[in-house]
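All chains should be built: construct the whole structure from the sequences, respecting the hints.
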Amino acid sequence: MTVLVRLALLAAVLALWEVAGRAANPLMAVPPSAVLPALRELLLLRSYPDLPASLLLTLREIALAYGLAVAAGLACGFALGMNRLVGRVYGPMLAALYAVPAVVWYPSLMLFFGLDAASKIAFGFLLGFFPVTLAVLAGIRQVNPQLVTVARAYGAGPVRVFASVMVPAMLFTLIGGLRTGLALSVIGVIVGEILGSKRGMGALINHAYGLLRTADYVALVLVTLVLIVGSDALASLVERRAKRWTD
Amino acid sequence: MTASPQLIAIENVTKRYITSSGPVEALHEVSLAVGEGEFCTLIGPSGCGKSTLLGMLGGLVTPDSGRVLVDGRPVTGPDPRRVATVFQDAGLFPWRTTLENVEFGLELQGVRAERRRGVATELLGPLGLRGFAGKYPRELSGGMKQRVAIGRALAIDTKILLMDEPFGALDEQTRLLMGEWLLDIWRRTKKTVIFVTHSLQEALLLSTRIAVMTARPGRIKSVLELGMDYPRLMESPGLVALRAKLWSEIREESLRAMGGHL
Numbered sequence: 001m002t003v004l005v006r007l008a009l010l011a012a013v014l015a016l017w018e019v020a021g022r023a024a025n026p027l028m029a030v031p032p033s034a035v036l037p038a039l040r041e042l043l044l045l046r047s048y049p050d051l052p053a054s055l056l057l058t059l060r061e062i063a064l065a066y067g068l069a070v071a072a073g074l075a076c077g078f079a080l081g082m083n084r085l086v087g088r089v090y091g092p093m094l095a096a097l098y099a100v101p102a103v104v105w106y107p108s109l110m111l112f113f114g115l116d117a118a119s120k121i122a123f124g125f126l127l128g129f130f131p132v133t134l135a136v137l138a139g140i141r142q143v144n145p146q147l148v149t150v151a152r153a154y155g156a157g158p159v160r161v162f163a164s165v166m167v168p169a170m171l172f173t174l175i176g177g178l179r180t181g182l183a184l185s186v187i188g189v190i191v192g193e194i195l196g197s198k199r200g201m202g203a204l205i206n207h208a209y210g211l212l213r214t215a216d217y218v219a220l221v222l223v224t225l226v227l228i229v230g231s232d233a234l235a236s237l238v239e240r241r242a243k244r245w246t247d
Numbered sequence: 248m249t250a251s252p253q254l255i256a257i258e259n260v261t262k263r264y265i266t267s268s269g270p271v272e273a274l275h276e277v278s279l280a281v282g283e284g285e286f287c288t289l290i291g292p293s294g295c296g297k298s299t300l301l302g303m304l305g306g307l308v309t310p311d312s313g314r315v316l317v318d319g320r321p322v323t324g325p326d327p328r329r330v331a332t333v334f335q336d337a338g339l340f341p342w343r344t345t346l347e348n349v350e351f352g353l354e355l356q357g358v359r360a361e362r363r364r365g366v367a368t369e370l371l372g373p374l375g376l377r378g379f380a381g382k383y384p385r386e387l388s389g390g391m392k393q394r395v396a397i398g399r400a401l402a403i404d405t406k407i408l409l410m411d412e413p414f415g416a417l418d419e420q421t422r423l424l425m426g427e428w429l430l431d432i433w434r435r436t437k438k439t440v441i442f443v444t445h446s447l448q449e450a451l452l453l454s455t456r457i458a459v460m461t462a463r464p465g466r467i468k469s470v471l472e473l474g475m476d477y478p479r480l481m482e483s484p485g486l487v488a489l490r491a492k493l494w495s496e497i498r499e500e501s502l503r504a505m506g507g508h509l
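Going down the list, the protein sequences come from chains A and B. With the first letter of the first sequence counted as 1, position 242 gets the number 242 in the numbering used here; the numbers rise by one all the way through. Heads up, the numbering used here is the position in the second sequence plus 247, with the first residue counted as 1.
Keep in mind that the hints were calculated from the coordinates and are not lab data. Treat the hints with caution; some may be incorrect.
Stated by the list, open to error - Which chain B residues stay away from chain A? Per the calculated CB distances, all over 10 Å, these:
id, residue
1, R314
2, R399
3, G415
4, R463
5, R479
6, S501
7, M505
Said to hold, decoys possible - Here are some of the chain B residues that sit facing chain A, going by a computed Cβ distance under 10 Å:
id, residue
8, G338
9, L409
10, Q420
Note that the Cβ used here is the ideal one computed from N, Cα and C, for glycine as well.
Below is the structure:
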């Protein structure tokens with residue numbers, strides 16, 4: 001039933017888009033009937049032969065940015081969360097930094113890291129880092145202290161308490177943060193590429209858009225969308241698994 | 248019972264806690280000896296340090312002065328080979344099934360999966376949890392959860408079982424039934440039980456000895472010996488008399504704990 005409604009909605013949107021697209025200035029909007037051929041040209045590597053290379057570069061940047069964000073976020077989160085003093089001193093600063101729209105940092109990232117992949121990775125890292133760190137902090141607060149006492153009473157040392165109590169108890173929150181972090185790392189990398197770069201999906205989008213090749217532009221956005229939706233679907237699958245496991 | 252060797256010796260222990268409103272003395276020079284196979288109940292007003300005392304026996308709380316000996320050796324930390332604890336609100340791991348919760352202590356001791364599964368499965372029968380092996384704590388009633396927690400303690404098969412108000416959160420009927428069930432387990436396993444409760448009835452029906460504690464700072468006010476056979480009836484003349492005596496002792500302390508007025 002949901003599938004049918006969803007398909008109906010999709011069809012309606014496409015129909016509306018077609019009608020509106022035909023009526024509008026072709027430089028600003030294109031109907032699906034124009035996007036489809038452009039998409040075919042794109043996928044057959046005729047309009048943008050460097051699509052695979054760009055896609056791969058963007059994926060590599062995302063993987064690196066996200067990997068670093070997870071590693072640093074976990075380390076930072078546990079360091080702040082396990083030590084009450086450190087957490088009380090730095091926790092609020094972290095939350096305040098998170099509230100700043102991260103894109104304001106991008107110009108200085110470009111200055112530091114240049115126009116190539118490094119600045120995109122840095123920006124993706126910056127965006128992904130906060131939700132992971134904050135999820136670890138929230139997760140640690142969620143752990144029922146009684147369960148830690150129980151584990152200690154039954155002979156668990158610090159390592160076992162961490163592995164057998166802390167991690168499972170906070171897993172769901174943690175995975176939620178990891179999922180948000182992934183989404184934001186993806187956004188960071190692509191936004192970074194759009195704002196200034198010569199390669200990657202963002203650069204292609206920028207190119208098509210700059211030359212007012214609107215149909216190509218929409219086709220490129222669609223490909224990028226598949227990438228983003230795909231990564232989020234994967235993350236949501238993992239999250240649902242974890243939910244069934246915890247609580 | 249009195250002739251049995253002293254398994255537990257609490258000698259002049261004192262414990263202070265630092266709170267935001269200054270230091271609070273939870274226990275003051277408490278001494279108590281418990282022999283092997285006893286069912287010794289600690290009873291007293293809220294905040295009298297019963298749980299602190301139990302924590303010391305379990306190695307989770309260190310006394311400021313005095314010492315606690317189990318089997319003649321001073322307690323320096325949790326020792327799950329000699330002492331198992333059942334906590335007030337079960338404290339089950341929500342991500343573990345009944346069976347996995349019961350196995351927890353054995354897992355920490357490095358017992359092989361196959362063997363600990365066997366031990367835990369065998370326990371499910373007497374725990375009344377057969378058919379619930381694969382259920383998660385959220386799928387169990389309060390009484391069942393507490394039985395899983397007791398199962399977790401029984402699985403590591405220690406001489407000593409510490410129980411901190413294990414049935415405190417249960418309704419009275421469940422509580423009475425759980426008491427009967429525990430009595431049966433205790434008589435079969437011949438463990439030494441230290442039991443904390445607020446319930447006079449529970450104390451009178453289960454204990455071989457009852458130690459009444461004073462209002463804070465906690466001290467042992469008096470120790471009652473109960474020689475009656477099991478199962479006991481609250482209506483029996485001996486228990487009625489003991490109940491009156493116990494109540495008068497506890498009443499005084501509870502009043503003191505409340506500052507002299509209700």
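Okay, the hints, checked on the actual structure:
No beta-carbon of chain A comes within 10 Å of the beta-carbon of R314 of chain B; the shortest separation is about 19 Å. The claim that R399 of chain B lies off the interface is violated: its Cβ sits roughly 8 Å from the closest Cβ of chain A, which falls inside the 10 Å cut-off. Non-interface status of G415 of chain B relative to chain A is upheld: no Cβ of that chain comes within 10 Å, the nearest being about 14 Å off. At roughly 22 Å from the closest C-beta of chain A, the C-beta of R463 of chain B stays outside 10 Å, upholding its exclusion from the interface.
Every CB of chain A lies more than 10 Å from the CB of R479 of chain B, the least distance being 30 Å, so the non-interface label holds. Consistency note on S501 of chain B: stated as away from chain A, and its beta-carbon is indeed over 10 Å from all of that chain's, at 26 Å minimum. Against the 10 Å criterion, M505 of chain B stays outside the reach of chain A, whose nearest CB is about 27 Å from its own CB. Look at G338 of chain B: its Cβ gets to within about 4 Å of chain A, closer than 10 Å, so that hint holds up.
Below 10 Å, beta-carbon pairs count as interface contacts, and L409 of chain B has one with chain A at about 9 Å; its hint therefore holds. Because the smallest distance between the Cβ of Q420 of chain B and any Cβ of chain A comes to about 26 Å, over 10 Å, the interface hint for this residue is violated.
In summary, the numbered hints that this structure violates are 2, 10.
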